[in-house]
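Following the hints, put chain B in place on chain A, whose structure we already have.
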Amino acid sequence: MKRLKGLPSKLWLILLLAFMYLPIIYVVIFSFNDSRSLTHFTGFSLEWYEKMLDNSTMMESIYYTVVIAIIATVVSTIVGTITAIGLSKSRRAMKETITQINNLPMLNPEIVTAIGLMLFFTALNMRLGFMTLLLAHIIFCIPYVILSIMPKLRQLDDNLFEAALDLGCTPFKALYKVIIPQIKPGIISGALIAFTMSFDDFVISYFVTGPGINNISTMVYTSVKRINPSVNALSTIIVLAITIILVIVNIVPMIKERKKKKNEELA
Amino acid sequence: MKSFRRLVYPYLLWAIVFIVLPMLMIVFYAFTTEGNSVMTINFTLDNFFRFFSDSIFINVLIRSLKLAIITTIICIFIGYPSAYFMAKLKPNSQGLMVLLITLPMWINMLVRTYAWRGLLLESGLSPEIKVYIGMIYNFLPFMILQIYTSLSKLDQSLITAAHDLGCDNKMAFLKVTLPLSIPGIISGITLVFLPAVSSFFIPKLLGGGSYVLVGNLVENYFVTTGDWNFGSAISLIMTIVILISMYFTRKFDYSKEDR
Numbered sequence: 145m146k147r148l149k150g151l152p153s154k155l156w157l158i159l160l161l162a163f164m165y166l167p168i169i170y171v172v173i174f175s176f177n178d179s180r181s182l183t184h185f186t187g188f189s190l191e192w193y194e195k196m197l198d199n200s201t202m203m204e205s206i207y208y209t210v211v212i213a214i215i216a217t218v219v220s221t222i223v224g225t226i227t228a229i230g231l232s233k234s235r236r237a238m239k240e241t242i243t244q245i246n247n248l249p250m251l252n253p254e255i256v257t258a259i260g261l262m263l264f265f266t267a268l269n270m271r272l273g274f275m276t277l278l279l280a281h282i283i284f285c286i287p288y289v290i291l292s293i294m295p296k297l298r299q300l301d302d303n304l305f306e307a308a309l310d311l312g313c314t315p316f317k318a319l320y321k322v323i324i325p326q327i328k329p330g331i332i333s334g335a336l337i338a339f340t341m342s343f344d345d346f347v348i349s350y351f352v353t354g355p356g357i358n359n360i361s362t363m364v365y366t367s368v369k370r371i372n373p374s375v376n377a378l379s380t381i382i383v384l385a386i387t388i389i390l391v392i393v394n395i396v397p398m399i400k401e402r403k404k405k406k407n408e409e410l411a
Numbered sequence: 104m105k106s107f108r109r110l111v112y113p114y115l116l117w118a119i120v121f122i123v124l125p126m127l128m129i130v131f132y133a134f135t136t137e138g139n140s141v142m143t144i145n146f147t148l149d150n151f152f153r154f155f156s157d158s159i160f161i162n163v164l165i166r167s168l169k170l171a172i173i174t175t176i177i178c179i180f181i182g183y184p185s186a187y188f189m190a191k192l193k194p195n196s197q198g199l200m201v202l203l204i205t206l207p208m209w210i211n212m213l214v215r216t217y218a219w220r221g222l223l224l225e226s227g228l229s230p231e232i233k234v235y236i237g238m239i240y241n242f243l244p245f246m247i248l249q250i251y252t253s254l255s256k257l258d259q260s261l262i263t264a265a266h267d268l269g270c271d272n273k274m275a276f277l278k279v280t281l282p283l284s285i286p287g288i289i290s291g292i293t294l295v296f297l298p299a300v301s302s303f304f305i306p307k308l309l310g311g312g313s314y315v316l317v318g319n320l321v322e323n324y325f326v327t328t329g330d331w332n333f334g335s336a337i338s339l340i341m342t343i344v345i346l347i348s349m350y351f352t353r354k355f356d357y358s359k360e361d362r
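Heads up: the protein sequence lines correspond to chains A and B, in order.
If you read the first sequence in the numbering used here, its first letter stands for residue 145, the second for the next number, and so on.
If you read the second sequence in the numbering used here, its first letter stands for residue 104, the second for the next number, and so on.
Treat the hints with caution; some may be incorrect.
Stated by the list, open to error - Covered stretches of chain B, as calculated for chain A (at least 3 residues, CB under 8 angstroms): (1) 108-114; (2) 194-204; (3) 339-345.
Unchecked claim - Derived pair list, reagent style DSS-like, types lysine-lysine, alpha-carbon separation capped at 25 angstroms: (4) LYS273/B <-> LYS154/A; (5) LYS278/B <-> LYS405/A; (6) LYS154/A <-> LYS193/B; (7) LYS400/A <-> LYS328/A.
Just so you know, the hints here were simulated from the structure itself, not pulled from any lab data.
Beta carbons are placed, not taken as given, at the ideal position from N, Cα and C, and that holds for glycine.
One chain only, chain A, in its complex shape (with noise of 0.2 angstroms):
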């Protein structure tokens, strides 16, 4: 009787997932369709990969989204680790204000903040375009990135840091060899919230890029209008590269904790 009972769970959850994959699963078949048919596979055909590679708007904009992911990230990480650390020591006041303008971005409609900084970057008269692109992708990956340090640097012991500085360190070493090493965890998270953040943005860049820089999703957006199922060849290989990269990082931990639980059965 128990085992009937948890059937109907079971399938709930695996009609679930077949819903979450089942436009992913279409995309990986379809890249590999031999006709430019959307909806009727013909064939098998590497015919879209080989598109693909040849269409220099697509792989521009793979550059674009990896490049201006890649250096948001970094720029991003270091000025939100310096300002969540200036933050944990500022009063009360300080902490607010920054707080609920951080707040702004993140419980607005992205819409909201994109139009906001088109009109901003127009009233400075720069020109929609890289720059642009990746001063808003910075812009709107800080707050993210002092979200996820604040709570490590609550949980710190100002004794350790004092005592550094008791054994002869200028704060600044103290900083670097007692502080960062413990929000480290924060630091790593925050990044990645960043470049997931960057790598995925649509309806910032949307609106703060010029002609001629795309990067992914504004690249699907605008192709959308005629049939192209390079994209599908496009997809499947993001799909893949993403699979790929979360499974090792699920799947590293779990083989480290049963070999350390082994070792720690033999010994």
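The following block gives chain B in isolation, referenced to the frame of chain A:
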């Protein structure tokens, strides 16, 4: 250690320039008309009158709200059982399910919506239904994960206690599990409703341009028409509507807590 306080000042300046100023510019544009130079700034409410005197705009706003509300409700009804069943699984399977649900979220939203476009191309469904499917698909994981987090933190001994005090399964669920998972539902609502109201690429990709929402209006006035003043006014109206809805959601949350 107090000397580290100074580290905040550069970012404070940065945040005022790059976050606060752009927001103020939207407000400024919304209350002015086109063609104002530095010397002659004309503050006006014309943009707002234009929006509220035209039934087309009002209808778009109502349609967006309706879509966001229905999407949120469906996400709760699909998301709650999903999260509940997930929390009942063995710990290892729970981890796997969380991973399987997060995995699609790592794939670009545009790419996933594009996939649905192909899938539904010859389905014969109305544009409206297609947009609903796209919305639910994109926002459901947020709802599931929020509810799951609040359910997995739930202290199982509370349920045992409820049973000891004479509750059957149904009563224990209604009196213990459900009330304790309300915070998860509320944060799920925030994560679904907010982006759903302002979404513009899902209706555009799946509705094929015939299904216009507030987000599409803003996009049109900024990108196609170039009437930034009216576009700013629309986005301001949208923001205010969202703030009001969020206020009521939160209020509901607190009133539950009071009891």
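Each hint, compared with the structure:
no.	hint	in the structure
1	108-114	holds (count 7)
2	194-204	holds (count 4)
3	339-345	holds (count 3)
4	LYS273/B <-> LYS154/A	holds (20 angstroms)
5	LYS278/B <-> LYS405/A	violated (41 angstroms)
6	LYS154/A <-> LYS193/B	holds (12 angstroms)
7	LYS400/A <-> LYS328/A	holds (20 angstroms)
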